[in-house]
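K.L.:
Could you build all of it, start to finish, from the sequences and the hints given here?
Protein chains: 4
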Amino acid sequence: MKKLNQITFISVFIIPLFSIQLTAQSISRKEIKIPDILGFKTLKCDFHTHTIFSDGDVWPTIRVSEAWKEGLDAIAITDHLEYRPHQGDLVKNFNRSYEIAKEYSKDFGIIVIKGIEITQAMPPGHFNLLFIKDANLLDTLDYNAAIKEGKKQGAFIQWNHPFWKNPVFPRVNSKVEWFKQQKELYENGLLDGIEIVNERDYYPDAFRWCKEKNLTILGNSDIHLPTGYFYDFSKDQHRTMTLVFAENKSEEAIKEALTAHRTVVFFSDTLIGSDRFLREIFNKSITINEAKLEKEKGKLFYIMITNNSDIPYSLIANGIDKDFEFSTDVYLPARSTARLGIKPKKDDFVGMRNLILPYKVKNLITEPFESLKMEISVGIEMK
Amino acid sequence: MKKLNQITFISVFIIPLFSIQLTAQSISRKEIKIPDILGFKTLKCDFHTHTIFSDGDVWPTIRVSEAWKEGLDAIAITDHLEYRPHQGDLVKNFNRSYEIAKEYSKDFGIIVIKGIEITQAMPPGHFNLLFIKDANLLDTLDYNAAIKEGKKQGAFIQWNHPFWKNPVFPRVNSKVEWFKQQKELYENGLLDGIEIVNERDYYPDAFRWCKEKNLTILGNSDIHLPTGYFYDFSKDQHRTMTLVFAENKSEEAIKEALTAHRTVVFFSDTLIGSDRFLREIFNKSITINEAKLEKEKGKLFYIMITNNSDIPYSLIANGIDKDFEFSTDVYLPARSTARLGIKPKKDDFVGMRNLILPYKVKNLITEPFESLKMEISVGIEMK
Amino acid sequence: MKKLNQITFISVFIIPLFSIQLTAQSISRKEIKIPDILGFKTLKCDFHTHTIFSDGDVWPTIRVSEAWKEGLDAIAITDHLEYRPHQGDLVKNFNRSYEIAKEYSKDFGIIVIKGIEITQAMPPGHFNLLFIKDANLLDTLDYNAAIKEGKKQGAFIQWNHPFWKNPVFPRVNSKVEWFKQQKELYENGLLDGIEIVNERDYYPDAFRWCKEKNLTILGNSDIHLPTGYFYDFSKDQHRTMTLVFAENKSEEAIKEALTAHRTVVFFSDTLIGSDRFLREIFNKSITINEAKLEKEKGKLFYIMITNNSDIPYSLIANGIDKDFEFSTDVYLPARSTARLGIKPKKDDFVGMRNLILPYKVKNLITEPFESLKMEISVGIEMK
Amino acid sequence: MKKLNQITFISVFIIPLFSIQLTAQSISRKEIKIPDILGFKTLKCDFHTHTIFSDGDVWPTIRVSEAWKEGLDAIAITDHLEYRPHQGDLVKNFNRSYEIAKEYSKDFGIIVIKGIEITQAMPPGHFNLLFIKDANLLDTLDYNAAIKEGKKQGAFIQWNHPFWKNPVFPRVNSKVEWFKQQKELYENGLLDGIEIVNERDYYPDAFRWCKEKNLTILGNSDIHLPTGYFYDFSKDQHRTMTLVFAENKSEEAIKEALTAHRTVVFFSDTLIGSDRFLREIFNKSITINEAKLEKEKGKLFYIMITNNSDIPYSLIANGIDKDFEFSTDVYLPARSTARLGIKPKKDDFVGMRNLILPYKVKNLITEPFESLKMEISVGIEMK
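Residue numbers (our numbering), protein chains in the order written: chain A, 146 to 528; chain B, 146 to 528; chain C, 146 to 528; chain D, 146 to 528.
Keep in mind that the hints were calculated from the coordinates and are not lab data.
The reader is advised that the hints may include incorrect statements.
[Unchecked claim] Computed list of lysine-lysine pairs in DSSO-like fashion (alpha-carbon distance at most 27 Å, straight line): (1) Lys214/D / Lys429/B; (2) Lys358/C / Lys247/A; (3) Lys442/B / Lys251/D; (4) Lys356/B / Lys296/B; (5) Lys296/C / Lys358/C; (6) Lys488/B / Lys251/D; (7) Lys247/A / Lys186/A.
P.N.:
Here is the structure:
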């Protein structure tokens with residue numbers, strides 16, 4: 146009989162005389178610890194979700210309670226405009242799934258954004274219109290007209306999963322040019338961002354396009370099922386989301402940040418985005434406990450590195466040092482400390498050295514096929 | 146973009162050149178191993194589920210795919226008759242949630258039973274009418290009329306969660322008498338079974354009533370949320386269900402078995418039911434590897450007990466032996482082997498002995514406050 | 146071939162051409178987040194561990210690497226003095242297990258304390274002598290002589306698991322008086338603290354004794370097996386430990402804090418200790434997001450409570466309010482936010498109210514059979 | 146105070162009046178379900194383990210209890226001959242770790258094999274001598290003499306991790322020739338098998354060598370740490386092991402099977418071995434529920450495939466059909482059922498067809514770089 150919004154109230158005190166009972170499956174929000182950076186708040190957002198009002202499987206309220214439980218700050222409800230297989234059972238109203246979610250969100254503090262997904266065969270493909278005012282005014286099969294109406298309402302226009310069912314093969318590392326439909330949208334100012342990750346599919350080319358054309362990168366779940374049927378939260382998985390660096394936690398600030406390209410994509414254990422955002426997140430996530438080490442000659446040194454965030458980091462050496470060997474792989478799980486070892490190549494090495502250890506953070510992707518480069522400095526004295 | 150009924154088809158062979166990817170979250174059915182007994186098939190059934198057509202949170206298809214993934218054989222769709230908070234958004238048809246689930250079930254091999262939940266304040270409370278033909282004919286606020294119409298259609302009538310919001314306190318081990326409404330239903334042959342477990346609440350009194358009045362015991366999830374938000378399948382939890390001992394896997398055989406009281410309730414790690422069913426399930430689940438042991442005097446003996454089923458068993462000693470001590474607690478996890486130790490009380494004991502070790506299986510409940518008693522026989526020779 | 150102290154060094158860059166490989170099982174330390182309080186550092190300590198030098202199962206280095214991985218700050222090596230079943234295979238030296246652990250600890254930053262466990266039948270039972278200088282000087286079966294020598298060396302003397310194999314029954318809530326042996330030790334200043342939790346056994350009477358006699362409370366693992374065979378770290382279990390509120394992270398500061406009774410026991414999900422320590426830990430762990438709420442009359446309110454620590458808290462209502470109902474149970478998992486609901490008893494209630502909601506934190510034990518009481522204040526305005 | 150071989154005995158009945166307690170962490174054996182094949186028993190064996198008597202971290206008894214808990218049938222104790230860093234603390238006896246494990250194994254039913262690891266720099270590298278009689282007779286730094294003495298005692302000689310610290314780069318897919326030392330051993334009949342998997346490192350070249358030279362393939366854990374610190378059993382991981390197809394569960398039968406090359410390597414979720422063994426294991430693990438399907442034209446078909454074993458299988462399509470599309474990926478987790486979808490390429494296809502669907506089982510490796518090929522037959526009728 147338990148509903149997510151139900152709570153048990155005191156009226157009498159119950160004394161259980163005979164109880165076979167599990168610990169109550171409490172409803173709580175798992176906070177995801179990712180540092181705020183550059184004076185902005187790091188908001189966790191999913192700009193692509195479905196409900197039973199299109200081809201999703203859940204009532205809109207579930208999208209809100211899921212978002213709350215999973216530590217998100219904002220979601221967009223983006224039911225398909227043209228594809229509504231349950232329509233025969235439902236009263237027709239393209240705003241309805243948003244309205245239900247919005248009303249329910251008040252008791253959870255979740256920001257709900259009104260959206261719609263233009264759903265056309267490729268080309269042009271699928272587009273989310275986010276921050277719209279009235280979805281019913283978009284009810285047309287002419288995608289150009291719908292997108293223009295969306296823009297008139299102030300929409301941020303996101304090209305969804307550009308390689309999904311893309312007829313051009315192969316899907317990655319290709320020389321695919323855009324179709325003319327997409328070019329037109331872009332040239333007419335009707336394209337603001339691209340999903341470079343949809344669900345768990347990463348499109349390196351789309352990341353490249355965003356860099357070349359100055360578009361906003363986004364990563365979203367595009368969830369139709371209950372999220373728990375796709376992500377295993379017991380194993381610390383999380384849904385694909387867009388990190389938005391916003392002035393504050395509000396719908397307006399999110400829209401401003403999207404327009405200003407202040408986003409990073411977070412999927413699986415990977416972050417994708419510009420060097421400056423990823424470097425800052427990494428630096429604010431870790432602490433290195435020792436910068437000065439003294440040891441007897443020939444000995445092994447250890448640097449302790451603590452990851453205070455909920456993002457694991459995977460470091461791999463990105464160069465060599467002429468006098469010292471050092472750990473090739475350093476894996477930093479969430480909320481953990483790892484050791485990085487340093488050893489002189491020659492046992493009789495004595496004296497002081499300032500070492501600059503070059504690494505890549507494998508799971509921080511700053512270019513379509515490239516990871517963040519960083520260095521760890523350490524002063525060593527061997528006696 | 147993944148839907149539970151989608152599969153990926155070959156058209157070209159894809160060569161991933163650059164992939165950051167998790168193992169695909171495959172859609173599969175976790176089989177629950179519980180032995181068939183007494184010539185019957187042990188079917189796993191849930192006779193109480195909700196969808197968005199009443200106050201549930203999911204589209205009816207989800208109830209089918211959940212049942213499949215969780216290893217169930219049959220579910221009943223039992224949306225509330227009188228309580229339909231989403232009705233304003235939906236076309237009115239009390240059969241509709243069943244129809245959608247039934248159609249979808251064909252590709253999963255799940256039996257879907259048409260039901261409805263009569264939803265009245267206590268008394269009389271809530272009643273599920275199972276195996277009905279046309280729910281729309283039950284559309285009345287007169288619960289007596291609705292139940293009679295259900296019976297006319299051949300319904301099995303289940304009294305739901307009889308202690309939920311029951312105004313009489315305390316809720317267990319009480320001398321609660323039934324209200325006259327419930328008595329009347331029973332006396333008029335309009336009550337066939339009682340939920341002795343709803344969700345994770347066990348009502349020992351309801352179990353007693355079923356024994357006294359020869360009613361069928363049932364345990365159901367009464368799920369409104371996606372099941373995965375209430376049960377943690379990654380930790381091997383399972384939904385509350387009714388085990389039905391049926392002639393075969395068919396809707397008709399389930400109905401016959403319910404009528405013949407061939408049921409056991411399975412919730413948390415506990416089975417509740419008559420001694421003969423639980424004893425048989427236990428005996429067919431375990432194998433004891435040694436019945437004859439030889440040892441030097443003063444030594445410790447071990448019996449190995451293997452649990453081949455997916456139900457863990459928890460044994461606790463239920464008596465003593467004058468010459469031997471033996472393990473007080475033996476915990477038998479699913480698909481595991483545990484050791485039971487035996488030791489002479491006196492180190493100089495020699496000779497042969499046939500030991501009968503008395504135990505209770507704590508999590509097999511045969512009476513409202515009593516567990517299954519069993520014995521382990523072992524022949525011992527100490528030299 | 147992997148050893149816990151091994152790391153892989155770069156010499157050449159390896160290009161895997163064909164790899165079936167799991168993510169490397171990296172060696173890292175899981176930090177346990179418990180707030181520092183009252184100007185002290187909260188150190189995580191285990192004052193009772195065994196190695197193969199008595200009847201433990203692991204080489205002493207493992208005790209160090211386990212402590213590091215599990216987020217501890219300090220351990221004592223306390224092999225039995227009189228019980229050394231592996232002695233036939235080992236060179237005799239009562240200091241040896243400490244020496245090996247101490248040497249190994251340098252690369253992990255773990256404090257290792259030299260200890261020994263006096264191991265006599267009850268009475269007097271078992272006693273850990275902690276912070277001793279030379280265990281070989283204690284080599285006598287006369288426990289009084291051994292304890293006096295320990296005290297001469299500056300030992301802190303801990304009575305271990307006082308109810309283990311205690312011949313007096315029942316083991317809890319009894320009127321057990323101490324044996325004269327224990328009284329003598331106490332009266333002669335040879336008893337400084339008592340293990341009120343050993344492994345997962347809690348002795349409420351021992352907690353009472355410590356309060357009455359002004360002794361230090363301790364909780365330890367008494368681990369013989371590898372810790373991972375007793376605690377399931379994948380399920381966020383942790384070993385039983387003593388939280389020590391110390392001036393700094395050093396052996397001396399730990400000893401001073403033990404002497405000054407600044408300890409709390411942490412076992413399962415439960416903390417045991419004085420009201421002032423537990424209240425402070427709780428208050429520094431949680432943040433309550435709203436203290437002022439406005440709503441329309443008849444509506445439900447929610448307060449959001451965030452637990453920033455790694456200790457889950459379980460609140461249960463400890464009283465009622467004449468005008469408002471409020472959540473009976475609030476479960477606050479680690480690093481999570483939960484909602485506490487408040488509802489007027491009468492729908493037509495209007496006006497302002499300062500509510501004081503009384504709760505107990507079930508898993509914070511301040512008296513042998515009593516939990517921490519606390520209140521949540523909230524200002525409400527209903528219009 | 147809990148030891149793995151301790152059990153709690155009844156003497157009085159304890160009534161807990163106040164208990165904060167977890168479910169007892171019971172000691173049990175997790176059975177690994179892998180089918181017996183070709184008239185042989187499938188035994189789970191680990192022929193490479195260390196204890197504190199060389200550079201391992203645990204007392205030999207732990208190797209036995211670990212093996213029991215993890216569902217193994219046999220282990221070899223193979224401490225290094227030449228490398229014994231704890232030797233200063235131990236009485237010298239190369240047979241001792243075996244003796245301790247052997248004595249302890251009696252209460253667990255685990256077969257313990259006496260072995261020793263010849264530990265020389267490459268070349269020649271490391272060799273396990275298995276089934277020896279007296280390790281003390283091998284006490285020489287002349288590896289040739291030691292191996293010959295081992296062979297005299299009836300040893301099976303296993304070349305360990307041939308690519309570990311191998312000075313020749315690259316380590317896989319190379320044209321590495323053996324060193325003369327290894328060739329000599331082979332030519333003199335002093336080489337019986339090779340570890341093609343050590344820990345989690347797979348050496349495809351070593352697999353190729355075994356095929357070319359008719360040597361036995363083996364995969365072992367080479368465990369030094371407690372196994373639980375390397376494998377996460379809570380996530381259903383298992384140690385690397387060798388499956389031995391033996392006449393019966395005895396040391397003699399294992400030796401005979403090793404000599405006759407009846408082995409398969411099981412590591413991570415992968416099996417490596419000859420086509421005939423892997424095909425048989427796969428076929429005896431799965432059941433396909435439908436071989437005949439009737440559907441309306443244009444419809445999607447499903448075949449249900451159940452995996453009854455504890456080995457997950459991952460199927461990938463290995464060809465196409467001119468008229469039908471079918472699932473490219475079918476993942477069959479342990480003890481689960483998955484669906485394989487089939488769809489006519491043209492919606493108007495009618496008639497009968499016997500389909501032969503070609504797949505590879507990705508995680509069954511039959512050649513160094515090749516997986517098991519298999520086909521699924523299904524008769525289809527579309528009306």
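K.L.:
Taking the hints in turn, state whether each one holds.
P.N.:
Quick rundown of the hints versus the structure:
no., hint, in the structure
1, Lys214/D / Lys429/B, "holds (23 Å)"
2, Lys358/C / Lys247/A, "violated (60 Å)"
3, Lys442/B / Lys251/D, "holds (16 Å)"
4, Lys356/B / Lys296/B, "holds (23 Å)"
5, Lys296/C / Lys358/C, "holds (19 Å)"
6, Lys488/B / Lys251/D, "holds (16 Å)"
7, Lys247/A / Lys186/A, "holds (22 Å)"
In the structure shown, a violation is registered for the earlier hint numbered 2 alone.
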